[in-house]
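Colleague: Take a look at the letters that make up each chain.
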Amino acid sequence: MTESGKPILYSYFRSSCSWRVRIALALKSIDYETIPINLIKDGGQQFSEEFQALNPMKQVPALKIDGITIGQSLAIIEYLEETRPTPRLLPRDPKKRAHVRMISDLIAGGIQPLQNLSVLKQVGQENQLTWAQKAITSGFNALEQILQSTAGRYCVGDEVSMADLCLVPQVANAERFKVDLTPYPTISRINKTLLTLEAFQVSHPCRQPDTPPELRA
Amino acid sequence: MQAGKPILYSYFRSSCSWRVRIALALKSIDYETIPINLIKDGGQQLAIIEYLEETRPTPRLLPRDPKKRAHVRMISDLIAGGIQPLQNLSVLKQVGQENQLTWAQKAITSGFNALEQILQSTAGRYCVGDEVSMADLCLVPQVANAERFKVDLTPYPTISRINKTLLTLEAFQVSHPCRQPDTPPELRA
Numbered sequence: 001m002t003e004s005g006k007p008i009l010y011s012y013f014r015s016s017c018s019w020r021v022r023i024a025l026a027l028k029s030i031d032y033e034t035i036p037i038n039l040i041k042d043g044g045q046q047f048s049e050e051f052q053a054l055n056p057m058k059q060v061p062a063l064k065i066d067g068i069t070i071g072q073s074l075a076i077i078e079y080l081e082e083t084r085p086t087p088r089l090l091p092r093d094p095k096k097r098a099h100v101r102m103i104s105d106l107i108a109g110g111i112q113p114l115q116n117l118s119v120l121k122q123v124g125q126e127n128q129l130t131w132a133q134k135a136i137t138s139g140f141n142a143l144e145q146i147l148q149s150t151a152g153r154y155c156v157g158d159e160v161s162m163a164d165l166c167l168v169p170q171v172a173n174a175e176r177f178k179v180d181l182t183p184y185p186t187i188s189r190i191n192k193t194l195l196t197l198e199a200f201q202v203s204h205p206c207r208q209p210d211t212p213p214e215l216r217a
Numbered sequence: 001m002q003a004g005k006p007i008l009y010s011y012f013r014s015s016c017s018w019r020v021r022i023a024l025a026l027k028s029i030d031y032e033t034i035p036i037n038l039i040k041d042g043g044q045q046l047a048i049i050e051y052l053e054e055t056r057p058t059p060r061l062l063p064r065d066p067k068k069r070a071h072v073r074m075i076s077d078l079i080a081g082g083i084q085p086l087q088n089l090s091v092l093k094q095v096g097q098e099n100q101l102t103w104a105q106k107a108i109t110s111g112f113n114a115l116e117q118i119l120q121s122t123a124g125r126y127c128v129g130d131e132v133s134m135a136d137l138c139l140v141p142q143v144a145n146a147e148r149f150k151v152d153l154t155p156y157p158t159i160s161r162i163n164k165t166l167l168t169l170e171a172f173q174v175s176h177p178c179r180q181p182d183t184p185p186e187l188r189a
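Chains as they are written, first to last, in full-length UniProt numbering: chain A, 1 to 217; chain B, 1 to 189.
The set of hints was computed from the structure by calculation and includes no laboratory data. C-beta atoms are modelled at their ideal positions from N, C-alpha and C, and glycine is treated no differently. Be aware that a few hints might be false.
Unchecked claim - Derived, one-sided and incomplete: chain B residues facing chain A with beta-carbon distance under 8 Å:
id	residue
1	Pro-66
2	Ala-70
3	Arg-73
4	Pro-184
5	Pro-185
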């Protein structure tokens with residue numbers, strides 16, 4: 001892949017972390033190529049030597065852009081924000097920026113890693129659902145409370161931010177793990193509003209190059 | 001209160017609190033500590049450090065160059081989002097006492113395997129080049145955790161070297177768990 005070419009996103013259709021980055025790329029109208037990495041097939045394509053050389057963390061997403069490869073979804077999004085600054089994904093005000101990052105970290109660092117594929121494998125099949133539900137409800141309890149003071153139309157005020165990019169995929173995970181969302185009216189409202197936006201639709205798991213036919217929208 | 005000293009809610013042994021204490025020390029920000037015994041999930045500490053960086057920009061904790069900044073954030077997220085949450089207190093409670101050590105060691109070695117590899121291309125004197133950054137603030141407390149969980153650090157020479165160098169810096173010493181207001185007497189330096 002040459003430096004002058006399109007960015008390349010290594011992505012799995014169902015990975016919530018990959019979805020965050022897909023939303024960012026869509027919002028910023030950045031044209032890119034997808035190389036699907038199937039986390040389950042062949043024992044997990046993320047473990048291939050080839051992919052490991054590219055991203056030692058053996059995780060998706062990874063973005064090859066401007067001659068470098070970046071792993072970790074929030075690091076990728078912050079890089080996109082700094083190099084392709086419009087439209088904004090972080091507010092101007094440092095205190096609001098802190099709120100956006102705090103919410104993003106809560107989801108990306110506090111919830112998702114506790115219910116990702118490799119952790120669920122370790123807890124064993126019979127414990128997986130309970131474990132995942134606990135991680136999510138624990139995090140959503142905190143998030144619903146935080147949103148009382150930060151949310152407007154979206155997670156922080158009335159502009160879409162990095163926090164919203166983390167929220168929608170995490171709600172999708174919650175639904176997959178059959179978490180009851182009734183205790184989280186603010187999370188649900190914001191999620192519903194965001195899903196009407198085009199960037200959140202084109203990036204949806206059901207519309208990706210590697211979406212299986214039976215799940216395709 | 002906006003006009004007073006910043007207040008840090010901190011637990012002496014929490015690696016997440018330690019990261020923020022290092023940042024405050026490096027930026028010479030005077031603060032008050034309110035010790036807490038309950039450790040909240042560490043996922044939001046990086047937001048604090050980024051806020052300090054934006055409002056008290058010297059000395060820098062993030063490089064100027066966006067690509068180097070991406071490397072700093074990638075490494076920080078790997079540690080703060082990829083390793084630490086998997087071996088924090090509340091998760092360890094869930095896996096049960098007999099499994100705790102193995103579980104924690106697995107989380108750390110898995111992350112350190114990746115980190116050692118990444119550092120091959122990013123590290124100079126420190127994690128990214130030759131300036132102390134947010135990544136270094138994450139590294140030192142995580143190595144301390146690794147030692148606490150008896151992880152063999154021989155496979156990680158770069159991590160070990162950088163950790164050793166960082167621990168000679170004053171900000172990493174004054175913020176150390178063994179020197180906090182709430183450090184128990186038997187663990188005090």
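Colleague: Next step is simple, just say for each hint if it's right about the structure.
Modeller: For each hint, the structure was consulted:
1. Pro-66: Nearest chain A Cβ about 5 Å off; hint holds.
2. Ala-70: Where the cut-off is 8 Å and the nearest Cβ of chain A is about 4 Å from B/Ala-70, the hint holds.
3. Arg-73: With a minimum Cβ separation of about 4 Å from chain A (threshold 8 Å), the hint on B/Arg-73 holds.
4. Pro-184: The hint is violated - B/Pro-184 has no Cβ within 8 Å of chain A, the shortest such distance being about 27 Å.
5. Pro-185: violated (33 Å)
Violated hints, listed in ascending order, are 4, 5; each of the other numbered hints is respected by the structure.
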